[in-house]
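Trainee: Now for the letters of each chain:
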Amino acid sequence: MAYAANAVTPDRQRAELVALSAPAVAFTLAMIAFPVVYTVWLGFHAFSSTGTQSFVGLGNYSKLVADNEFWHGLWVTLALYVLSLVLQLLLGTWLALLLFHAKRLPGVVRSLFISPFMMPPVVAGLMWLVILDPSIGAANYILQRMGLPPSDWLASPIWVIPTVAMIDTWQWAPYVALIILGGLQSLPPSVYEAAQIDGASAFKTFRRITLPLLLPTIVTATILRSVDLLRFFDIIYITTQGGPGNASNTLNIYGFRVGFEFFNIGYASALMLTLTAIVFGVVLAFNRLRGAVAW
Amino acid sequence: MTGTPLSESWINRLNIVQLVLAGFLIMVPTAWMVLSSFKPSFEVTAYPPTLVFSPTLENYVQLMRTTPFFSYAVNSLIVTLGSAGLGLLFGIPAAFAVSWTRISWPAILTLAARMAPGTLFLLPWYVMFRQVGMIGSYTALILSHAVITLPIVIWVLLPSFDNIPRSIFEAAQVDGCSITRILWKIALPLVGSGVAVAAILSFVFSWNYFLFALVLSNGDSKTLIAAAFNFVGEGSTQWGALMAAATLIALPPLILASIVQRWLVAGLTLGAVKG
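Note that the protein sequences, when read in sequence, are chains A and B.
First residue of the first sequence? That's 1 in this note's numbering, and the numbers climb one at a time after it.
First residue of the second sequence? That's 1 in this note's numbering, and the numbers climb one at a time after it.
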């Protein structure tokens, strides 16, 4: 055949595919896979302030189980996670339904919705730091005008977690909304027509048809937010650095401070591997749930 | 959906009122930051807060005078463009190879970087980079930020490459085109918008990333984001200048994101959702 001489041989094709992916694979092995293996090794060692290291086996992990600060950090992480996630899913679904029924979505509105989560979290933290300042902030002024007592917001050990959750919700509920809007737009219109013919009420249509069909999308949004929320760092580090006291000391903040403020690299590695296991566990669990609610 | 036209128009009106309210809540904090940056410095901390004032550039002038804002911005640009470029350079051929072979483990491995907390990588990197004296170097910062950009590029481009009909590639192969040539001459021009989204998302997330520069940069290589954190602590915080800095730092990602706003959410979900 005339083509055969020109055609690429399978061997050559395989070599080319390897060459195409080689840089990315090499980079991933060097910057992601090897460092993680190295972290596991670090987690089995203790580092003294003079820089000498010694093998301690599971010592860092038994220390972790006995460390009140770890359990406190876990509690803070989970409280912040659940609170933020619930707020973002509820507000996100509400916003998505509003946008869906508005029919037309001008670019300006979409840009407005995108602006909070495209903004650097550090900038979001700084902006809210000024608004929520207990003595000069606009938030307390509004409370005062409404006849409500002022709040210490980020400076209050009780309110700091809800306040951080509120800031993150301001940033990411619009993102959840746009994901769910995508899900709404991909629903088959025929089921609505059927419901309409059957005379189902708007509420019943939502509860019995829209919501179940939307569940896979909602679970996807849940996974994407879980990954970010469980390793919460930026906004807390910029606004409270884990304070007041240790009231907002999430596991990621705690691990970072153990590693880079107290230079206890071994114990920090054990903390971070534990947190990573939690994140992966949650993602896997929700991934199975997504399989269960798929249609 | 069952109501009379009258009640339906009522529902529509109620809808719009709620949307306007939501838009207002989304916009107000950002607007407050921008407004504050143009206030005379004594009015930024005035209580009760003022809404009417004579705008001034005083805070911006003070920011430029008292901080090396411009050189931080150059650092941010070097790290951001370097890491976005590296992500595209490695990610485009890898995404094409994964789409071609359906062997997905390289792509899934990069997802680990999207899921694990940054500190998990930062601890070993810190030890490794310190051993070779690279703490504070642009190289260390660009390499670490490429861990953010590479999964974005791969996962944004994967669905785009998957969408190209295979028959186009097969025809080119019959003509004796190598796979590399097919990628550059045929596939890449077909996924132009995907590349644009990947490039812009890489830029935005690299520009916004805080944690790595916090540890891996030094006084000379500090990025804007890491420097902004230091502005808060330095003595009595200059809130006006801080708001000016925050406004300027937020500007590049917001402008870039609005260019690709239509495709942005689908890209951000790493292919899990079609927007």
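These are calculated hints, taken from the structure and not from any lab test.
Because the structure is a prediction, the values reported are computed rather than measured.
Note that the Cβ used here is the ideal one computed from N, Cα and C, for glycine as well.
One thing to keep in mind: the hints can contain errors.
[As the list claims (entries may be wrong)] Quick list of the computed label-pair ranges, beta carbon to beta carbon:
#1 B:Met27 <-> A:Thr9: 53 to 63 Å
#2 B:Leu25 <-> A:Asn287: 42 to 52 Å
#3 B:Lys185 <-> A:Pro23: 41 to 51 Å
[Unchecked claim] Facing chain B, according to a computed beta carbon distance under 10 Å, are these residues of chain A, among others:
#4 Glu16
#5 Ala26
#6 Ala30
#7 Trp41
#8 Asn68
#9 His72
#10 Leu87
#11 Trp94
#12 Leu112
#13 Ala177
#14 Gly182
#15 Arg208
#16 Leu224
#17 Asp234
#18 Gly242
#19 Asn252
Trainee: A separate judgement is required for each hint: does it hold in the structure or not?
Mentor: Okay, the hints, checked on the actual structure:
Roughly 60 Å separates the CB atoms of Met27 of chain B and Thr9 of chain A, a value that falls within the hinted 53 to 63 Å. For the pair Leu25 of chain B and Asn287 of chain A, the supplied restraint of 42 to 52 Å is violated, since their beta-carbon distance comes to about 32 Å. For Lys185 of chain B and Pro23 of chain A, the Cβ-Cβ distance of about 20 Å falls outside the hinted range of 41 to 51 Å, so the restraint is violated. This hint holds: Glu16 of chain A has a C-beta 4 Å from the nearest C-beta of chain B, less than the 10 Å allowed.
For the restraint placing Ala26 of chain A at the interface with chain B, the shortest Cβ-Cβ distance is roughly 9 Å, inside the 10 Å limit, so the hint holds. For Ala30 of chain A, the interface hint holds, since its Cβ comes within 10 Å of a Cβ in chain B; the closest pair sits about 9 Å apart. The beta carbon of Trp41 of chain A comes within 9 Å of a beta carbon in chain B, closer than 10 Å, and the hint placing it at the interface holds. The closest approach between the C-beta of Asn68 of chain A and any C-beta of chain B is roughly 20 Å, which is over the 10 Å cut-off, so the hint fails.
A least Cβ separation of about 17 Å between His72 of chain A and chain B goes past the 10 Å threshold, and the interface hint is therefore violated. Because the closest C-beta pair between Leu87 of chain A and chain B is about 13 Å apart, greater than 10 Å, the hint is violated. Below 10 Å, beta-carbon pairs count as interface contacts, and Trp94 of chain A has one with chain B at about 8 Å; its hint therefore holds. Annotation: interface hint on Leu112 of chain A holds; nearest CB of chain B at approximately 6 Å, less than 10 Å.
The restraint placing Ala177 of chain A at the interface with chain B holds, with a minimum CB-CB distance near 9 Å, inside the 10 Å limit. Among the interface hints, the one on Gly182 of chain A holds; its C-beta lies about 5 Å from the nearest C-beta in chain B, closer than the 10 Å criterion. For Arg208 of chain A, the shortest C-beta to C-beta distance to chain B is roughly 13 Å, which exceeds 10 Å, and the interface hint is violated. Look at Leu224 of chain A: its Cβ gets to within about 6 Å of chain B, closer than 10 Å, so that hint holds up.
The interface hint given for Asp234 of chain A holds, since its Cβ lies 5 Å from the closest Cβ of chain B, which is under the 10 Å cut-off. Hint on Gly242 of chain A is violated. Least Cβ distance to chain B is approximately 13 Å, over the 10 Å limit. Look at Asn252 of chain A: its Cβ gets to within about 5 Å of chain B, closer than 10 Å, so that hint holds up.
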